[in-house]
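Number of protein chains: 2
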Amino acid sequence: MHPLEKMFRPRSIAVVGASGDPEKLGGRTLLHLKELGYQGRIYPINVSATEVQGLPAWPSVADLPETPDSALILLPAKHVAKAIDDCAAKGVKHVQVLSSGFAEEGGEGVAMQAALAEQARAHGIRLTGPNCLGSISPPDGFFGTFSSLLATAKPPPGSVGVATQSGAYGSHIYAVAGFRGIGISRAIATGNEVDIDVAEAIDYLVEDPGTRVICASLEGCSNGEGLRRALLKAAASRKPVIIMKVGSTEVGAAAAATHTGSLAGEDRVIDAVFRECGALRVSSIEEMLDVAYVCSIAPLPPVASAGIVSVSGGIGVLMADACIEAGLSVPPLATEALDAVRAVQPMAGGRNPIDTTAQLAGRLHVIETISQSMMGGADLGAIFFYLAHLGRDLRRFPKIEGAFLALRRNQPDRTVVAVMTHIDEVRQQLEAQGVPVFEDPTRAVRAVAGASGLRRLQTEAQPIPDVEQAEPLGLGIANEAQAKALIAAAGLPVLPEHACTTADDAAAVADRLGYPVVMKILSDDIPHKTEIGGVLLNVVDAGAVRSGFATLMNRARSARPDAKLDGVLVAPMMRGGVETIIGTLTDPVFGPMVMFGLGGVAVELFRDVAFASAPLMPERAERLIDASRGATLLKGWRGGPSLDRAALVDALCALSRFAAAHRGEIDSVEVNPFLVRESGACALDALIAFKPGHGTGKPT
Amino acid sequence: MHPLEKMFRPRSIAVVGASGDPEKLGGRTLLHLKELGYQGRIYPINVSATEVQGLPAWPSVADLPETPDSALILLPAKHVAKAIDDCAAKGVKHVQVLSSGFAEEGGEGVAMQAALAEQARAHGIRLTGPNCLGSISPPDGFFGTFSSLLATAKPPPGSVGVATQSGAYGSHIYAVAGFRGIGISRAIATGNEVDIDVAEAIDYLVEDPGTRVICASLEGCSNGEGLRRALLKAAASRKPVIIMKVGSTEVGAAAAATHTGSLAGEDRVIDAVFRECGALRVSSIEEMLDVAYVCSIAPLPPVASAGIVSVSGGIGVLMADACIEAGLSVPPLATEALDAVRAVQPMAGGRNPIDTTAQLAGRLHVIETISQSMMGGADLGAIFFYLAHLGRDLRRFPKIEGAFLALRRNQPDRTVVAVMTHIDEVRQQLEAQGVPVFEDPTRAVRAVAGASGLRRLQTEAQPIPDVEQAEPLGLGIANEAQAKALIAAAGLPVLPEHACTTADDAAAVADRLGYPVVMKILSDDIPHKTEIGGVLLNVVDAGAVRSGFATLMNRARSARPDAKLDGVLVAPMMRGGVETIIGTLTDPVFGPMVMFGLGGVAVELFRDVAFASAPLMPERAERLIDASRGATLLKGWRGGPSLDRAALVDALCALSRFAAAHRGEIDSVEVNPFLVRESGACALDALIAFKPGHGTGKPT
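So the protein sequences, as listed, match chains W and G.
Residue numbers for the first sequence follow UniProt numbering, so the first one is 1 and each next one is one higher.
Residue numbers for the second sequence follow UniProt numbering, so the first one is 1 and each next one is one higher.
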């Protein structure tokens, strides 16, 4: 049985710290268990009372007449350890510590939390919290939480599961879901996560037959592998995961670090991991619930395209714009389909969006023909109907309900959405037919685009392959020549070049290579050569090579007097092609990652760089390339030739395997520029940084 | 009196085409006038009835006992002309034609619409429509419209004015506003706009003392000057205008063109014009209403910074991220302010966002000290309170109302926002104190950021100066040398270069200029030289110049056998600096516009180009530069020197004056690249396109 099953659906539960005063957390939690429909046995634990809120109470869990499935602990922090021991003595294996006063308060709370973690492990107890808001399972009437929401609202039962670290975040999500009529299957807040974390909660919700869609929110993450595994499991079972990770900006990340003490990695790495594992990242709670709403009611669009039928030309255009911006194409209908539309609605304008004009209101019977014709006239993953205020009109609305029903029956795998002002009764009737209803046209489009993206991500998701650790390189630092030799050995194409220690030597090499050549200073101590003028391009003859040798050595000596200079590299000058940057880095949570971007100012000025987990297989390398605008340049720019994308894919795969195989030693690799040419590609420069304490070279 | 006054607030009104059947548009409109609170005199006009819906009816406006302030015409299109004549005969000067069947249906509708426009002009009648939804003025109980919304809901009176072309768009806006409790002052849909357009409606709403905020939506625009004038008038009177223009994508623009027949200019020109005129462009109706809501209740934030107080660390971080992404800084509080916060709430974490922890719920009295300390600890334009579910709790909420009141009183020009789940009663109480209330944290932030942006735009807005038309240039086409001579005469720095007709000539020029040099083919028939290999960079000596001359001529001859070749340009090779593109274009609606962007792939690959109306004064030129990422490069890149921004500003101003002074002749100018250097700047290439039919050169 999944360890979370007893936290969501216990047959019996102890409330340690139960109180008669509903203003106190232990009183409020007991009240929620008593009053909101829970059918299991409730055991209030209170050191001094024999009865609490009308229920018989016990001084300790150890005294209970049975071993409860789970326990909620709401005592002050300093009493929690004793309560855990009592639970262990009684054989309780599933405990939620709702008490605060642990690591989040700093000081001795940190040590108390570490002790709590160790205590649970020693007893074989699975533990949620501390400092968590508890769990709910509305279909079971189970509300094991002190959330203040429950004083005024009870989230309705449904199929959306919620897993968050933050309790307020989670209760905000299920509160708003409830107000909108979106039902909840289970929700849990994992708090300080000494044991159960959001990843494990997601894992439970994937297995839970009562959950159809998962909403998750993270503030930090320490177990990257666990999170990847849970998300991939969801994708494999086609259960949508819509996820937020706060701290996406520097200010936010700093605040999150203060708040949770977790490491802030590169936010785009998080993006990449979520995407690769088939989860949709969103940036607001409202967007999360909009997508969850669509996914919980309707099929996810099988293709990223949309049809739009609107009683208003203006709103039709608004929705077409919103589709394009959100990544849904709006293909024009085939002429025959358009003829069929015009046969029943002669004044209908456009080819998609179709503007039926407001006169549709008087001829609602034609909507079925229009919608069927649209679906026949293009491969549409979704179809939107903008119907103004028809959803408020119980006299008129039933006239078109049949059209929606027919469309859903004939196109069971397409997403059909109604956009209109509406009353709850109309909305509920449509939802029962699998038709989501929105008031705002743009939100409708963005939600469906999210569902469409989710479907694509689920299809593409695949585990990151394991890579055996290679023999240690035994280097603590690598100069440019060594770095290039290493990546060449790893299978990357590298420009032939030669380390020269004298001007004569350089001239002889250049003569052999042919002109023009490139010359670069060679020194372990000067990783960023361009900054000191340490690169000469387009050197045209032997004379220029000789004087260039002196120039480079002099510049290096004056800019970095302490640097050990190893001479000058001479290489053929490459022309044409596009300069890209490929590299790897080590994320503190998710391990080795590959990056790709355009060279020049694109990476830094436009942040046009994409990440993926290492190692890459060709399919994911292709997607990594497509995630950057650089992909456009590779197709040929302004009539130029298309470039050797296959060579780039090979290089990315090889580099990623290299980084993954040496993950113990290598911190990052930067191949910049990596020139992609009409035929072939080559690394023009390379830099490898090793992890501290590795290799035999100088300490870094 | 403003011509729209009588369309919004008539003391008497004729309904031409009034019907006893409320299913018909003429029946429904009459019903709305009769039943929803209108206090003026209503005259049903019906050719055959003496009484309609219990009111005495007349066969024609001409027969009425008085001249009504305005008339609504709801007859079939073919009868509208007669009704207009009747109105004219009676002296009615303000008419709204709600009938459809005009240009929007094509065919003879187009001619009928042209005739209608002419007829109104001839009679001196101001006309809204045809094909419009009419106007409403909820504070007057006036609903001169057949909108189906009114069957179930009546927009409440308030201070938000709405001006749209599309009727459905407008009624969607005021419907949703009403559901949210946002009251409407006036709303009008202008339909096919033969006379009154959205710009004139905005002009009215600026003058209207009952309107505090204006929401507008356009599908097309034919009167660019009128729109600029109305928006600038709003900005000058500090009345916020929140505006949408659909057709922002290619697909949307094509659909809008089908729908309205209007020209689709460059969407970023629209962006620029709205911004320059102080209006905030938004992309969804919900966003429009969110910003309007804040502006209608609270002061606009005077600085673009925010403080965040949250009972949840996670939501605080979410909001900090949202602030940064929306352009609001989140400055850390000064230490003394932080100490003051901790003095009353010791467990509070962070420096902004402040995480009070959920324990705030039990100590609500400290919120006043916390908020006052925050405001004292940084220059904050706005302060957000995330309070979980406190807004649903009538027992607890009143405990903090005083804190909001005190904050509003002590900081009357700052925006104070509550974010929480809530009931209407709590929301209304706070709104009455000038505090907007949101449920979704991200929407709250984006709305306030919109209000903040609006305030900045209003402050910056200024009219585009008039420029006297210059003497005609008398050119129909200009080769590169002529184009450079023209922009040099206009005051732009241009590289010294020389047209050479022989290889010897070129070598002699190059010797004089010094090496290396740049060589370019010179021909009127080859505007895009790089595409045919018509540019040689870095030519190092006289021999190379001679062979380069032959190379260029041969390439040009083989690529464009018909081209007339004027020789080769020789110029010094410029190194260093940043290549930018500056140029002008002629927008079909808004006239001459200036553009600025980075050279290379940035403009096309990243669409990193910004527009502004010509002519520019230095202040707007600075903003134009800052609107592109190129601004970052000018500050010095990777430790490089900062570049001569002043020279760029001068060039942009000079080029914009040139384009504006020759707006009759010149269609576009492209100076690409325009090299901005450490000291000075210079145009390396230039291209001028003339309007068809202008000048003495070849026809284009």
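Treat the hints with caution; some may be incorrect.
Remember, identical chains collapse to one label, so a pair may be satisfied in a single copy or spanning two.
Claimed, not checked - List time: in silico DSS-like cross-link candidates among lysine-lysine, alpha-carbon distance up to 27 Å:
(1) Lys-154 x Lys-399
(2) Lys-24 x Lys-399
(3) Lys-529 x Lys-154
(4) Lys-529 x Lys-691
(5) Lys-635 x Lys-90
(6) Lys-635 x Lys-529
(7) Lys-154 x Lys-78
What the hints contain is simulated information worked out from the structure, not anything from laboratory work.
All of these numbers come straight from a predicted model, not from anything done at the bench.
Each hint, compared with the structure:
Taking CA atoms no more than 27 Å apart as the test, Lys-154 paired with Lys-399 passes between copies only; the shortest distance there is 24 Å, against 34 Å inside one copy. In this assembly of identical chains, Lys-24 and Lys-399 lie within 27 Å of each other by CA distance solely across copies; the values are 18 Å between and 53 Å within a copy. Taking CA atoms no more than 27 Å apart as the test, Lys-529 paired with Lys-154 passes in neither setting, with 64 Å inside one copy and 71 Å between copies. Proximity of Lys-529 to Lys-691 under the C-alpha cut-off of 27 Å is restricted to the intra-copy arrangement: shortest distance 22 Å within a copy versus 50 Å between copies.
Within a single copy, Lys-635 and Lys-90 get their C-alpha atoms no closer than 68 Å, and across copies no closer than 69 Å, so neither meets the 27 Å cut-off. In this assembly of identical chains, the alpha carbons of Lys-635 and Lys-529 lie at most 27 Å apart only when taken from different copies (21 Å versus 31 Å within one copy). Taking the closest pair of Cα atoms, Lys-154 and Lys-78 never come within 27 Å of each other, the shortest separation being 32 Å inside a single copy and 59 Å across copies.
Checked against the numbered hints listed earlier, the structure breaks hints 3, 5, 7; every other hint is satisfied.
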